[in-house]
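Chemist: Sequence:
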Amino acid sequence: MLTLRNLAVNYGAVPAIHDVSAEFEAGTVNFIVGPNGAGKSTLLLTIAGALRPRMGSISFRGKTISGMNPEDVASQGCSLVPEGRQVFSRLTINENLRLGSIAGRRKGGSSADTEEVLSLFPILRERYSQAAGTLSGGEQQQLSIARALLTRPELLLIDEPSLGLAPLVVDGVYEILRKLKNDSLTMIIVEQQATRVRNNGDTVTVVRDGHVAFSSKVSTISDYSELEKAYFGFS
52 MLTLRNLAVN YGAVPAIHDV SAEFEAGTVN FIVGPNGAGK STLLLTIAGA LRPRMGSISF
112 RGKTISGMNP EDVASQGCSL VPEGRQVFSR LTINENLRLG SIAGRRKGGS SADTEEVLSL
172 FPILRERYSQ AAGTLSGGEQ QQLSIARALL TRPELLLIDE PSLGLAPLVV DGVYEILRKL
232 KNDSLTMIIV EQQATRVRNN GDTVTVVRDG HVAFSSKVST ISDYSELEKA YFGFS
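Plus 51 on top of the position in the sequence shown (first one is 1) and you've got our numbering.
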């Protein structure tokens, strides 16, 4: 579904990602893990069109999307749940969701989509008219995911879903993501918590110092020490 070839991205003159290649199949949950500052979020933002690659290519469903702006990438069926949630705090939950549903209706969605998404997030239904800024961090994360789902994506990019959340709250977020996996939605999840990979992912890619240090199907990993060595930079 998504193919990265020899991708390189700079922040100004500073290289952030260099020579990254990867393939992600439809219907899979794919983790990109690594320490802080490794280039994980940069990679996700580049896929989403928020950053432009200096070299290399990105193809989605056989179509080149590298160099497209974020709106055009989203129109192809790729939706980003940004780091830090970034909900509109002064708008209600309803109004936040409508921003996603407007984009979804451009692709043939309907109000029934909102009902379907809310069935995954009962707390949002309960607080439908409440300002998003009054929600807890975990509830805001749910809102951010729900809003992205209303764009009717085929590929969901999720940046640091556990950031700043208590472990029990993170468990709840991943319970929702498992339901989405059962619906065959393709996901790429950026995480610092490599422990989430084993029970939630189909593939894992370790990014360190801007390059791929390790990549594998989760089902074929018998010894997680290799992943840990790549993550921490041990030889």
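There's no promise every hint is true.
[Stated by the list, open to error] Under the rule of at most 25 Å between Cα atoms (straight-line distance), these lysine-lysine pairs were calculated in the PhoX-like manner:
1) K230 - K280
2) K114 - K230
3) K268 - K232
4) K268 - K280
In case anyone wonders, no lab produced these hints; they're calculated from the structure. Since the structure is predicted, the reported quantities are computational estimates derived from the model, not experimental observations.
Chemist: Confirm or reject each hint.
Modeler: Right, here's what the structure says about each hint:
Taking the CA atoms of K230 and K280, the gap is near 31 Å; set against the 25 Å cutoff, the hint is violated. Restraint check: the Cα-Cα separation between K114 and K230 comes to about 28 Å, which exceeds 25 Å; the hinted pair is violated. Restraint check for K268 and K232: the C-alpha separation of about 16 Å stays at or below 25 Å, so the hint holds. Straight-line distance between C-alpha atoms of K268 and K280 comes to about 17 Å, which keeps the hinted pair within the 25 Å bound.
In this structure, the hints that do not hold are numbers 1, 2, in rising order.
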